[in-house]
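2 protein chains.
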Amino acid sequence: MKSYQRIYHEIEEAILAGRYQPESFLPSENQLSTQYDVSRDTVRKALASLVANGYIQKIRGKGSIVIQREQLRFPLSGLTSYHELQRAYGYDSTTEVVSLEKAIITPELAESSGFSVGEEVWKTVRIRKIDGQKVILDKDLLLVKYIPELTEENLTHSLYHYIESDLKLAIAYAEKEITIDNLTPEDHLLDLHENDINIVSVKSRVYLADAAQFQYTESRHQVDKFRFFDFARRNPSVY
Amino acid sequence: MKSYQRIYHEIEEAILAGRYQPESFLPSENQLSTQYDVSRDTVRKALASLVANGYIQKIRGKGSIVIQREQLRFPLSGLTSYHELQRAYGYDSTTEVVSLEKAIITPELAESSGFSVGEEVWKTVRIRKIDGQKVILDKDLLLVKYIPELTEENLTHSLYHYIESDLKLAIAYAEKEITIDNLTPEDHLLDLHENDINIVSVKSRVYLADAAQFQYTESRHQVDKFRFFDFARRNPSVY
DNA sequence: CAGTGGTCTAGACCACCAT
DNA sequence: TGGTGGTCTAGACCACTGA
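Line by line, the protein sequences give chains Y and Z.
Under our numbering, the very last position in the first sequence is 239; numbers go up by exactly one each time.
Under our numbering, the very last position in the second sequence is 1239; numbers go up by exactly one each time.
Quick caveat, the hints were computed from the structure, so don't treat them as lab data.
All C-beta atoms, glycine included, are put in the ideal place defined by N, C-alpha and C.
Misleading hints may appear alongside valid ones.
No more than 30 Å apart at the CA atoms, straight line, and that leaves these computed lysine-lysine pairs for DSBU-like [what the hints assert, rightly or not]: (1) Y:225 - Z:1002; (2) Y:145 - Y:123; (3) Z:1002 - Y:203; (4) Z:1002 - Y:45; (5) Z:1203 - Z:1225; (6) Z:1203 - Y:58; (7) Z:1225 - Y:2; (8) Y:168 - Z:1045.
Stretches of chain Z that chain Y covers, calculated by requiring three or more beta carbons in the stretch to come under 8 Å of a beta carbon on chain Y [to be verified]: (9) 1051-1058; (10) 1099-1109; (11) 1130-1140; (12) 1165-1179.
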């Protein structure tokens, strides 16, 4: 474990546990550098991640203040898998695999997915149940090139855990787009309300550490169950 | 201008102009440090911002690759004001101020806004028209403590420009929440479709560089005009 | 093996804040 | 004025990539 990551996690843990109270100041960078016996630059790296993740705000000439955050404002934005969210929030949730098959990218699929025509993909549809209600429909395309084997078991349990821990692939970043769509026939796999006419569509292209796209997902959410949190900084460290 | 910011902007500009092509590599950190006559650490700071903003992906042992991005995927997530978006996208858009008055935070308002009971705020409602259609309803609360004067002029033109350039306040970060709501009577200030039953609600709490909240906004968007892009990294530089 | 990015150091100077 | 965070340097060593 890198030393600045260790420091990040210790401070994060202390904030979450309330040992560093909201609106109070962290020890100064010089104090932390003595305390952890590392250089000031290493402390600054740890603090930079705390800033990026919305734990602290640095104030020049004063110090680093702990930000008051709402409960459970964890990375609902960002790139976090469904199972990670589920565990973080303690949902009572299950996944049902509707279909799983190999397919070849057609010109129409290429357009929306970002994959090239002719590439071989796993094509799968899953339903997420929360408290017994079918509320999310997940439609995935995964490149066979990167994920040669894929079972219902992988899809029911954590797909990202399988990809990262078993296949040792490094998931790096994603582009997401949220829109409100009209219902399609396929959406009736979900437990919709009688008068529902809209559904939330979250489309993602997910990339590995070598900048190659390996996944395209469309996640369709029942409107009244949908919630998206974002922590945004103005001019992310630049301008 | 800080030297790493200058480098950031020069490289960003070169990427946007196509002088650095997607899927090609930037010069190495050592080359850039010679080229710009700065230390490698300074180059690395500039590159870190390019990574955070989704322009490049660093690959250890190989270099920094330029990411292929869709057109116009600018910070629609993040903390960008309506007028900045409008300018970036070239919308034909106007703003109409429905109301502007001072108010005192009540217990109910405190709950949703995050402000304390008894604080004095500007309370304003605006309508955003795009191509002549009234599609967004903006409801704002702004602390009088930080913004003593506020005119219709400020609200029609860029509020953030007024706050940053004229009042010299540093806007730092925001917490946002996106949900799909049922229509309220107030929403009929917009040009809704006959069968619309939902609206997209984006609620934001906006904070200054000293970590003090100065604004609460609810932005209500006609569903078929709503679009939200996000660029997300897994484990933002930490784990 | 040489070249790349990743981590870490020790020190310098600056801008800002409080006293 | 002393302490804070912000910028920048020069150098070191490591882990990884590709030839």
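Tested hints:
Simply put, residue 225 of chain Y and residue 1002 of chain Z have alpha-carbon atoms about 45 Å apart, too far for the 30 Å limit, and the pair is violated. Between residue 145 of chain Y and residue 123 of chain Y the alpha-carbon distance is near 13 Å, which keeps this suggested pair within the 30 Å criterion. As the CA atoms of residue 1002 of chain Z and residue 203 of chain Y are separated by approximately 37 Å, the hinted pair breaks the 30 Å bound. For the proposed pair residue 1002 of chain Z and residue 45 of chain Y, the alpha carbon gap of about 19 Å is at most 30 Å, so the pair holds.
With a CA separation close to 17 Å, the supplied pair residue 1203 of chain Z and residue 1225 of chain Z stays within the 30 Å bound. Only pairs whose Cα atoms come within 30 Å are accepted, and residue 1203 of chain Z paired with residue 58 of chain Y is accepted, the gap being roughly 24 Å. With a CA separation close to 45 Å, the supplied pair residue 1225 of chain Z and residue 2 of chain Y exceeds the 30 Å bound. The suggested pairing of residue 168 of chain Y with residue 1045 of chain Z holds, with an alpha-carbon distance near 28 Å, which does not exceed 30 Å.
Residues of the segment 1051-1058 of chain Z lying with their CB closer than 8 Å to a CB of chain Y number 4, which satisfies the three-residue condition for coverage. Given a C-beta distance limit of less than 8 Å, the hint that chain Y covers the segment 1099-1109 of chain Z is violated, as 0 residues qualify and 3 are needed. Only when three residues or more bring their CB closer than 8 Å to a CB of chain Y does the claim for the segment 1130-1140 of chain Z stand; here the count is 0, and the claim is violated. Here's how the segment 1165-1179 of chain Z fares: 9 of its residues keep a CB closer than 8 Å to some CB of chain Y, so the rule of at least three is met and the hint holds.
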